[in-house]
Amino acid sequence: MSSFKEFRSTHWAGEPLKFNTIPERARNIQGMTAGFTSRFISVLVDIALIAMFVLCAYGLWVFMRYVLSVFYDIPQLSGVPLLIIGYVLMWFYWTWSWATGGKTLGNLLMGLRVQMISGESLSLGPSALRALFSVVFPVGLGWAIINRNNRSIQDVLLRTQVVYDWTPLASKLQ
Amino acid sequence: MARQGTVRNDVLMREEIDVSVTVPMSAGALYPLVSAATSTVENLVGLTKFTAETCVQLASEASKSATNEVLDRVVPPLFSAIISRVDLTEIVLKNVDVNAIVAQTQLDPIIDRIPMTEIADYVIEEIDLPTLVRESTGGVADDILGLLRFQALETDNFLSTVVDRVLFRKKTRAQELDQAMDSKDSKNL
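Protein chains in written order, with the numbering used here: chain A, 1 to 174; chain B, 1 to 189.
Derived by calculation from the structure, the hints in this document are not laboratory data.
Hints should not be assumed to be uniformly reliable.
[As the list claims (entries may be wrong)] Covered stretches of chain B (in silico footprint by chain A; criterion: 3 or more residues with CB under 8 angstroms from a CB of chain A, positions within the stretch not fixed):
#1 68-75
#2 96-108
#3 144-151
#4 154-166
Glycine is no exception: its CB is placed at the ideal position from the N, C-alpha and C atoms.
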């Protein structure tokens, strides 16, 4: 409880008020490196998202094949090309998401952000490298359980980190 | 009488004769003297007038200043002594119709001087309006999100504590996290 005088001394007229919508208990951990579980769930959400997308695309493909099979000879897609498509999509998605704000949908859900150790956002190059590393060697995330600073192998190699950032997306867009 | 008059006439006649003889020679010499005398007299009169005015002004200023000084020294303590013996509030309440004054007061200029936005911001912050709004409208989705994040956090803590203890680390990651959570100074993101 502060007096109006105290309030005026810290705020000046016309200054937009910034409201902290993060729960009080979690405010002080913002910016600290996130642990394995949060990151793992986030990755699972991303994978599920891409898998759903690929499956939907596959469903559409099968349907089109069924409809157009009378006129054209469309090849059947087997599991391996689908998996490759999934991997490539995953790579693109992670690269794009980390380079543009450091948050995938999974990250957003779990309140995480990928950034450089210095705190800067990832540029396209490191983002693409990290995404490729994560796609090819997802087990690297397991190192976050052991590492003192919760950093996975790709984090250690590329000097990145994943931190808690529960700031709502809406306040960042303002 | 007639004799006197005769004499005077003679004198006058003689003067006229003298003048008619001397005027052309002495007029030129007299003019500067006359004009100098006139200007001296005029200057003297002006100086005297100025001196008199200045003296009057000085005397007036001195008397004013002396009066002010005396009043400055005497009136405040006197007034404060009087005021301290009188309950002004009671007098005003008894004798002044405050409601009538308020009814006649122009409120708009007063309102214009009040920092309304700042007061609104202050009230919003004091009653923690964001939390109220969040609690009333956020609903289930926000609760689930918060719950999910906190549960993941707790699991992280558990997992990291186990690993840190196995690796004989002095300070576990969970302890650091708890310490940050419990610290009073909140970060403003």
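query = For this structure, which hints from the list above don't hold up?
reply = Of the numbered hints, 1 and 2 do not hold.
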